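> If you're matching them up, the sequences are chains A and B in order.
Numbering of the first sequence is given in my numbering, commencing with residue 1 and proceeding in unit increments.
Numbering of the second sequence is given in my numbering, commencing with residue 539 and proceeding in unit increments.
Hints are supplied without guarantee of correctness; some may be wrong.
Stated by the list, open to error - In silico DSSO-like links for lysine-lysine, alpha-carbon gap of 27 Å or less: (1) A:LYS269 <-> A:LYS314; (2) A:LYS211 <-> B:LYS796; (3) A:LYS297 <-> B:LYS702; (4) A:LYS211 <-> A:LYS129; (5) A:LYS297 <-> A:LYS211; (6) A:LYS262 <-> B:LYS820; (7) A:LYS425 <-> A:LYS314; (8) B:LYS796 <-> A:LYS297; (9) A:LYS406 <-> A:LYS342; (10) B:LYS702 <-> A:LYS262; (11) A:LYS342 <-> A:LYS314; (12) B:LYS823 <-> B:LYS702; (13) A:LYS425 <-> A:LYS342.
Just so you know, these hints were derived from the structure itself, not from any lab.
This structure is a prediction, so every number in the text was calculated from the model and none was measured.
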Amino acid sequence: MTTTSDVEGAAVRLSTAPEPVGPQRPRQLMAPVRRTWRQLTSMRTALLLLFLLALGAVPGGFLPQRSLNPVQVQQYVAQHPTLAPILDRLSLFEVFAAPWFSAVYLLLFVSLVGCLVPRIRLHTRALRKPPPHAPANLSRLPASARWETALPVDEVLALADSRLRRWRTVRHADAVGAERGYLRETGNLVFHVSLVLLLVGIAVGQFFGFKGTVLVKEGNGFANAIANYDDIHPGRRFRESSLVPLNFGLDDFRATYGADGKARTFDAKVHYSPNADAAPRPYDIRVNHPLHVGAAKVYLIGHGYNVHVIVREKDGQVALDDTVGTPCLPQDARFLSTCTIKVYETRGRQLAFEGAFTPTTVQDPNTRRVGSAHPAVQDPALTIVGYAGNLGLDSGVPQSVYSLDKTRLTAFDGGTPHLLGPGEKWDLPGGGSIAFAGITEWSTFQVTQDPGKGIALVAAVGIVGGLCLSLFVRRRRMWVRARAAGEALTVVEVGGLARTDPDAFAAEFDEIVGRLRDAVPEPATATTDRGDAATWQS
Amino acid sequence: MAELSDSLLFVAVLAYALAMLGFAADAASRRATRVLSVAESGQLLVGGGGPPLLVDESPPRTTGTAGTAAMALTLVGWLVHVGSVVTRGIAADRVPWGNMYEFSSAAALVAVTGFLVLVARGRVETSLGAFVMLPVVLYLGLAGTVLYTAAGPLVPALNSYWIKIHVAAAVTASGAFLLSGVIALLYLLRARFDERTDVGEAVRFPVSLGRVLPSAGSLDRAAYVVIAFAFPVWTFAVIAGAIWAEAAWGRYWGWDPKETWSFITWVLYAGYLHARATAGWKGRKAAWVAVAAAAALIVDYYVVNIFVVGLHSYA
Ligand code: HEM
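One chain only, chain A, in its complex shape:
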């Protein structure tokens, strides 16, 4: 591009990019503050902060993160005893909650707001202002043309004005100024404002949102209250009263698998009601198909098996016969699952069983170890070790239902596992028995409430829409000047510039000039050389 100050002046005003920070003479007390502020809201700082943001996210993309997978972090720490503590001190296992990461994006957004406010002011002013005066020398603009005509000055300008129909034009005494593509800057501002809005939406979700998970067995139900969850993540400002009223029961869970053991479909059939009075309605919760109730959504996030066992005491009295079963926790992709069964409502000694459930059982002929070959129930078995004694529930220390306190328990048969097929029974030494009566399934559900989601979605629409306008609309200016040059001779000069995509503008410019020349013909005896028509310098 030609770099006369004239052109630069005309071009620079096409952009609202913050002006570069030059050396400034501090005159008052506030000067250093102002200088820092200008520095912070400069384009260069924005660029630097963007790079820092990208760079800061890199360890979060390579190292295991506590928020995603705490077990993986533990493994990593165990494997790297010297390096891991250093990484941990730098918050590299929780990058996205790290103070330095927050500092970077908060600075970026401060810079963004500081940059947006004057840009919005400038743009609203530009929207109301007519296009600027023509530069003195139109031929120095990136695109220019010149010819002579017999039409008088006024008529030429009127024609030019009317030909530039979709442009915003202004008539001056000797020239017409025209401008187009204000939507580019509007889109750019909408985009950047939407970025701020997105951050607001995320923050609202973080503060006022809620996430909880619960395991529900087939045949059982759930009522939405904090106490009924297995695990909760409330936002800092979340109140229990904001929990959406909701009851649901799991009627049936079904998973289908391919021959290779890979899951094909998961389907949890539930009945739900938003309040106690309403009749329960059926719904299929599937992956990608959550249940919506008011502001809450219920997702299916996991599943597993329950084993139904019937435990009898010495005298034949039934001590445990829960048809919905005891949940077993899957340990691998083929659903070898660990089970812990505690029998505490006994008249004599308390009983406990610990072992594995395998839906498709395979046994190593040498080691006798059992495993599962497929996640579906094809050849189920329960392999357990039995205990008798005191479960320690009276000690007052809360216990997990998934683990046994063995301090006051003695194992049967020295801890030898027994394998039970469906319907099979193990007669316990010293009387009593355990029978493997059946299998049911459980699902884990996640209930979420995110009041910031709507804001984030609106912001997302603004981001994409604003971006398209800001990248595909071209802002450009043109001037047509007409000057009387002797008797019945008018010199027409046209100049134009665009800040982006000069190639496309060149084509548009040539076309407009072509149409103008047709409307403003040269005198029959023209002496102008056609070679001086539209020129394009770049």
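Following the hints, position chain B with the ligand against chain A.
Same frame as chain A, but now just chain B with the ligand:
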């Protein structure tokens, strides 16, 4: 049908490889004739004992027979490639971008489409062909061998209409970004070539390749045009992914490794667009940002899928 798709891809790669040779031959012959014609016109300068310099800034560029044949081969390869992607979709009875192999093939198709559009619109000259076809051929070769996966159904989390939208957008943007990465690298090469020859320094391979490249200005603009197209598409892909994640996992963003790298890629391209608007960052520095962003994209798709465990580890 699946075998047909595989054979078609093989034919497409063959056509692209031949096209690459054609483009290279064309570039080589053009260079020879150009030096000759400039020499005849007496415009050859000999600077300080150095090699002859061309002073002609914008030499006439007409495509020779080899170039025309290469363009035709590229078109044929493109058509066959489209056929391969379509038959793959029919074979698997779903959209043909469900695993890394399919994703790579579709992304390469977008890159070649982008190149054809740039040439058709007169944005770049065909002389770019050899440099675009070389990575495309290597990329497809890798996809067809290392990443090959037999056509099959999807795991439940992928079974959503959002996959069609999200992945279609991601494939389109990725293909275009990869193309822009190649163009940005060529720009850097050409800019280095210009810089050296301007001061009369000798240039050696690979900088000497700059001689057959389009002008630095046109490469810079082409890279921008491609990125300006791909960036909103990528933004949309990330947002569609967030909407899909919200439906599948109950949160729209969770800094899963894949999400993290998509974010890094996005921020770097935003950096590129800013760099182009910042004094002192235009030109070469911006081009390096474009190259870094393309590298982040490659990490996002290949390194994360293969080496990092996350919710997205499916293929
Ligand atoms: C939150 C991080 C930011 C992101 C992701 C971002 C992203 C973008 C993108 C993608 C563009 C390209 C659109 C176009 O070319 O019209 C752009 C343009 C622009 N951005 Fe940002 N931006 C951010 C922060 C900022 C900040 C802090 C400033 C102020 C210093 C700023 C000022 C600008 C300006 C002036 C343009 C237009 C450049 C031009 O005139 O071509 N942005 N931004």
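> With a cut-off of 27 Å on the C-alpha distance, tell me whether LYS406 (chain A) and LYS342 (chain A) pass.
Measuring from Cα to Cα gives roughly 12 Å; hence the hint holds.
> Compare the distance between the alpha carbons of LYS269 (chain A) and LYS314 (chain A) with 27 Å, and conclude whether the hinted pair is satisfied.
Measuring from Cα to Cα gives roughly 40 Å; hence the hint is violated.
> Has the given pair, LYS425 (chain A) with LYS314 (chain A), been kept, meaning a C-alpha gap of at most 27 Å?
holds, 14 Å
> Does LYS342 (chain A) sit within 27 Å of LYS425 (chain A), going by the straight-line distance between their CA atoms?
holds, 17 Å
> Is LYS211 (chain A) close enough to LYS129 (chain A), meaning Cα to Cα at most 27 Å?
It is violated: about 51 Å lies between the C-alpha atoms, which goes past 27 Å.
> Take a quick look at whether LYS211 (chain A) and LYS796 (chain B) sit within 27 Å of each other, Cα to Cα.
holds, 22 Å
> Given the hinted pair LYS702 (chain B) and LYS262 (chain A), is their Cα-Cα distance within 27 Å?
holds, 21 Å
> When you check the alpha-carbon spacing of LYS796 (chain B) and LYS297 (chain A), does it fall within 27 Å?
At roughly 24 Å apart (the allowed maximum being 27 Å), LYS297 (chain A) and LYS796 (chain B) satisfy the hint.
> Between LYS342 (chain A) and LYS314 (chain A), does the CA-CA distance stay at or below 27 Å?
holds, 17 Å
> Within 27 Å, alpha carbon to alpha carbon, are LYS297 (chain A) and LYS211 (chain A)?
Distance ~10 Å between LYS297 (chain A) and LYS211 (chain A) Cα, so the pair holds.
> Are LYS823 (chain B) and LYS702 (chain B) close enough, with their CA atoms no more than 27 Å apart?
violated, 36 Å
> Within a Cα-Cα threshold of 27 Å, do LYS297 (chain A) and LYS702 (chain B) meet the stated pairing?
holds, 23 Å
Checked against the numbered hints above, the structure violates hints 1, 4, 6, 12; every other hint is satisfied.
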